[in-house]
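Residues per chain, in single letters:
Protein chains: 2
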Amino acid sequence: MNLKHLNLAPAEVDHIIEARWLATVVKDVPFLEHYSVMVRNDTIIDLLPTEQARAQYTSADRVSLDGHILMPGLINLHTHAAMNLMRGIADDLPLMQWLNQHIWPAERAVVSYDYVKDASLHACAEMLSGGTTCFNDMYFFPQATAAAVNQSGMRANLGLLVSEFANSYATDADDCLQKGFEAHDSWRGNLMISSSMAPHAPYTVSNRSFEKIITYAEQLSIGIHTHLHETRDEISQSETEFGARPIRRLAALGLLGPNFTAAHGVHLLPSEIDMLREHGCHIAHCPSSNLKLGSGIAPVSLLLKNNVNVGIGTDGAASNNRLDMFAEMRLAALLAKGASEDPASLPAHQALEMATVNAAKALGLDDRIGTIEVGKQADLVAVKLDELTISPCYDPVSHLVYTCGREHVTHTWVAGELRYSNGLYANIEPLELKEIIKKWQPKLKQHKQ
Amino acid sequence: MNLKHLNLAPAEVDHIIEARWLATVVKDVPFLEHYSVMVRNDTIIDLLPTEQARAQYTSADRVSLDGHILMPGLINLHTHAAMNLMRGIADDLPLMQWLNQHIWPAERAVVSYDYVKDASLHACAEMLSGGTTCFNDMYFFPQATAAAVNQSGMRANLGLLVSEFANSYATDADDCLQKGFEAHDSWRGNLMISSSMAPHAPYTVSNRSFEKIITYAEQLSIGIHTHLHETRDEISQSETEFGARPIRRLAALGLLGPNFTAAHGVHLLPSEIDMLREHGCHIAHCPSSNLKLGSGIAPVSLLLKNNVNVGIGTDGAASNNRLDMFAEMRLAALLAKGASEDPASLPAHQALEMATVNAAKALGLDDRIGTIEVGKQADLVAVKLDELTISPCYDPVSHLVYTCGREHVTHTWVAGELRYSNGLYANIEPLELKEIIKKWQPKLKQHKQ
Numbered sequence: 060m061n062l063k064h065l066n067l068a069p070a071e072v073d074h075i076i077e078a079r080w081l082a083t084v085v086k087d088v089p090f091l092e093h094y095s096v097m098v099r100n101d102t103i104i105d106l107l108p109t110e111q112a113r114a115q116y117t118s119a120d121r122v123s124l125d126g127h128i129l130m131p132g133l134i135n136l137h138t139h140a141a142m143n144l145m146r147g148i149a150d151d152l153p154l155m156q157w158l159n160q161h162i163w164p165a166e167r168a169v170v171s172y173d174y175v176k177d178a179s180l181h182a183c184a185e186m187l188s189g190g191t192t193c194f195n196d197m198y199f200f201p202q203a204t205a206a207a208v209n210q211s212g213m214r215a216n217l218g219l220l221v222s223e224f225a226n227s228y229a230t231d232a233d234d235c236l237q238k239g240f241e242a243h244d245s246w247r248g249n250l251m252i253s254s255s256m257a258p259h260a261p262y263t264v265s266n267r268s269f270e271k272i273i274t275y276a277e278q279l280s281i282g283i284h285t286h287l288h289e290t291r292d293e294i295s296q297s298e299t300e301f302g303a304r305p306i307r308r309l310a311a312l313g314l315l316g317p318n319f320t321a322a323h324g325v326h327l328l329p330s331e332i333d334m335l336r337e338h339g340c341h342i343a344h345c346p347s348s349n350l351k352l353g354s355g356i357a358p359v360s361l362l363l364k365n366n367v368n369v370g371i372g373t374d375g376a377a378s379n380n381r382l383d384m385f386a387e388m389r390l391a392a393l394l395a396k397g398a399s400e401d402p403a404s405l406p407a408h409q410a411l412e413m414a415t416v417n418a419a420k421a422l423g424l425d426d427r428i429g430t431i432e433v434g435k436q437a438d439l440v441a442v443k444l445d446e447l448t449i450s451p452c453y454d455p456v457s458h459l460v461y462t463c464g465r466e467h468v469t470h471t472w473v474a475g476e477l478r479y480s481n482g483l484y485a486n487i488e489p490l491e492l493k494e495i496i497k498k499w500q501p502k503l504k505q506h507k508q
Numbered sequence: 060m061n062l063k064h065l066n067l068a069p070a071e072v073d074h075i076i077e078a079r080w081l082a083t084v085v086k087d088v089p090f091l092e093h094y095s096v097m098v099r100n101d102t103i104i105d106l107l108p109t110e111q112a113r114a115q116y117t118s119a120d121r122v123s124l125d126g127h128i129l130m131p132g133l134i135n136l137h138t139h140a141a142m143n144l145m146r147g148i149a150d151d152l153p154l155m156q157w158l159n160q161h162i163w164p165a166e167r168a169v170v171s172y173d174y175v176k177d178a179s180l181h182a183c184a185e186m187l188s189g190g191t192t193c194f195n196d197m198y199f200f201p202q203a204t205a206a207a208v209n210q211s212g213m214r215a216n217l218g219l220l221v222s223e224f225a226n227s228y229a230t231d232a233d234d235c236l237q238k239g240f241e242a243h244d245s246w247r248g249n250l251m252i253s254s255s256m257a258p259h260a261p262y263t264v265s266n267r268s269f270e271k272i273i274t275y276a277e278q279l280s281i282g283i284h285t286h287l288h289e290t291r292d293e294i295s296q297s298e299t300e301f302g303a304r305p306i307r308r309l310a311a312l313g314l315l316g317p318n319f320t321a322a323h324g325v326h327l328l329p330s331e332i333d334m335l336r337e338h339g340c341h342i343a344h345c346p347s348s349n350l351k352l353g354s355g356i357a358p359v360s361l362l363l364k365n366n367v368n369v370g371i372g373t374d375g376a377a378s379n380n381r382l383d384m385f386a387e388m389r390l391a392a393l394l395a396k397g398a399s400e401d402p403a404s405l406p407a408h409q410a411l412e413m414a415t416v417n418a419a420k421a422l423g424l425d426d427r428i429g430t431i432e433v434g435k436q437a438d439l440v441a442v443k444l445d446e447l448t449i450s451p452c453y454d455p456v457s458h459l460v461y462t463c464g465r466e467h468v469t470h471t472w473v474a475g476e477l478r479y480s481n482g483l484y485a486n487i488e489p490l491e492l493k494e495i496i497k498k499w500q501p502k503l504k505q506h507k508q
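As you go down the protein sequences, you meet chains A and B in turn.
This note's numbering numbers the first residue of the first sequence as 60 and each following residue consecutively.
This note's numbering numbers the first residue of the second sequence as 60 and each following residue consecutively.
Here chain A stands alone, though its shape is the one from the complex (with noise of 0.2 angstroms):
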């Protein structure tokens, strides 16, 4: 069909994004080759051939992307982006004396709402630089998070965090309880930022909270977000204390199910991996930090076998360094195929779904982003696959996965805004960082090393 020949004139949209390849990543499309995406607010609405969409569309911001792969927003399922200043504060310790002798007292002597936005907005300006634009997070003073999210114009699902233990933030489970509902309330109505209930893990949370939990995740229709058999320790202790392993008791309590995402899952028998399946639970996978910790490697080969719905996260910068999706999904590709000893486990495509429409899935925003698709939210970031020194590409989804890093992110739209792009954002000044750094770096040091 010619369409010139049907004298339409070309419909106005507000960025044309023409791309030599589009991973849409939607099942089995692994890339188009010469395609444009067409954007009308924050949504796409058209996507097509690029010599086609010249045709049909005209549009005032049209970028040609001749070298790169345009790509759904990548999906940052588990981390504490305010922990991003305390990076590299304590390395290669064991954890307890890492938490006790550094983490722990860095954080009373800092956490507070000032501290959070700060730190917070930091770990916007790495994840918007590295092509990811939406969070999943958790931590205290979570409105401060949302500052710092709504000023950068990305994208999180933010955690209402529940623990028994009093602190800046809260003095106890149910004051945890009541922040988040404000917290909670005040997002009403923002696009931007969706919640989970986040109870920190089976070892800071009592029965009596993980009841209210499940109660008000029913009630406000949201997910429910905490760490889960990260470490042996975790594990023997609540053998001792409750007599099961922690995802038996909270299977016992009527935690588990479809708005239920674990964190790190790294020990788990074949008959919790059922479980995890059975209930429809998602697990997200933070390979370097369960690296780093020396908590040992998630059995993601068998999880992902057994159909159980895995997304990537970092995990904070204290425990990674970096807040980098390209690193942590080339390193949960390399990994699976090690430890499973099969170089077929985890191929590149697979990695990049768990980045992106896995995460989705998994906070249940799936309907909206983690995809290129007519109708979806235009989260977009473009990676430029042809300099010199990482060619040739064959492929631009393995160039992608193991090729490329972050460094080679050019652009990050985020709802149709160009939010990230060449080392300049739209709304974070390199000074305002800068500054951030100055204020809380010195406060932080005490606690180093």
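The reader is advised that the hints may include incorrect statements.
Same chains, same label: a pair holds when it works inside one copy or across any pair of copies.
[Stated by the list, open to error] Taking lysine to any residue and the SDA-like style, the derived pairs with C-alpha atoms no more than 20 angstroms apart in a straight line are:
no., residue 1, residue 2
1, Lys504, Leu447
2, Lys271, Ala260
3, Lys497, Glu446
4, Lys443, Gly482
5, Lys443, Thr102
6, Lys504, Tyr453
7, Lys443, Asn481
8, Lys502, Leu447
9, Lys443, Gln500
10, Lys498, Ser171
By construction, these hints were calculated from the structure, which means they are not laboratory data.
Chain A is already provided as a structure; the job is to place chain B on it using the hints.
Then chain B, alone, in the frame of chain A:
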């Protein structure tokens, strides 16, 4: 002592590099602050606090690196540079399918003096831009690799490859040996190129050839570099054919010794780790490649605990898919912790040692390279640690290993010459790399997945 009172005229040197941090990689000195390195010809002639250096030395070339760490050039202890144009030609496949249907046919189609020279030059460019100043190679046509190394201005230890199998390079093992000697002779007097006998692997080299190799290595006073215990199949095949695991077979032949570097060493029994230590052998650990090919996870924590000298290699780009020593340092450190479930295993400074001085020891070049010390070659790399998105920095060595990537390398000097700086090479034109890809990619593409 106030040197100005001595009234000495400042001495003239070729380069003065002033660094915010200096990682000398000399034992027990994690890093120095505000230090300068003085270089005359190819050699480091002094190291001083910058203030003192300014009083004592002068130079027409003074480089001030206010936010950088200066470290010894990284040494890639196992690679096949000429496989650089096969990067990503096939991924996520079982090993034999990968080799039989993709890698070997691709090699048969292109391998020649010209191909090896071109692809190796591309690899040199990739390595220099990522802070690698020396690599330990093994491939057909080592004289072609040498031509690329010479052009790039970097340093290499080139394997005199030996395999029983006929190909475009040689008809059999004796022909390989003959060609190897010619290559070795041609490099006499070339301070940038050294060589090792390079029997490909226990499964491609006969006992008769191994015996010759021992004799020749002794006569030429050079090392031996081979693949060893990379996969379980290799081991069971050897048990069937020779009645012994490969390392025992090589030990019986008399191959093990302080000039012996084994690439991989993924599957090693405790008694075999003891053998490696007793013979003073070296391991080239290739974590990305071992994971990607599903070979497994090398017992690096155990090797280090048993005082086996371990360096780090990228392996070839076909199984990595990048020649990125930053990625390998980080992965080596993380993987050792995760696999041993000990977060204190392989700390950052040890990863840096593995990528520098340990590799220099394995190559028998530790009197010349591997650390920043007076009298050593000026193989130096500057890495920018103060970029905003990766801030703050509490410990520059942790930052280097866990937070930075190769994209933060700003300067690479080899033997006192600046060979790479901020995207540009001293002796490699971008157009040349473009032409190389244009020439070979179409020929290789036919063998892609």
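*Looking back at the numbered hints, which does the structure fail to meet, lowest number first?*
5
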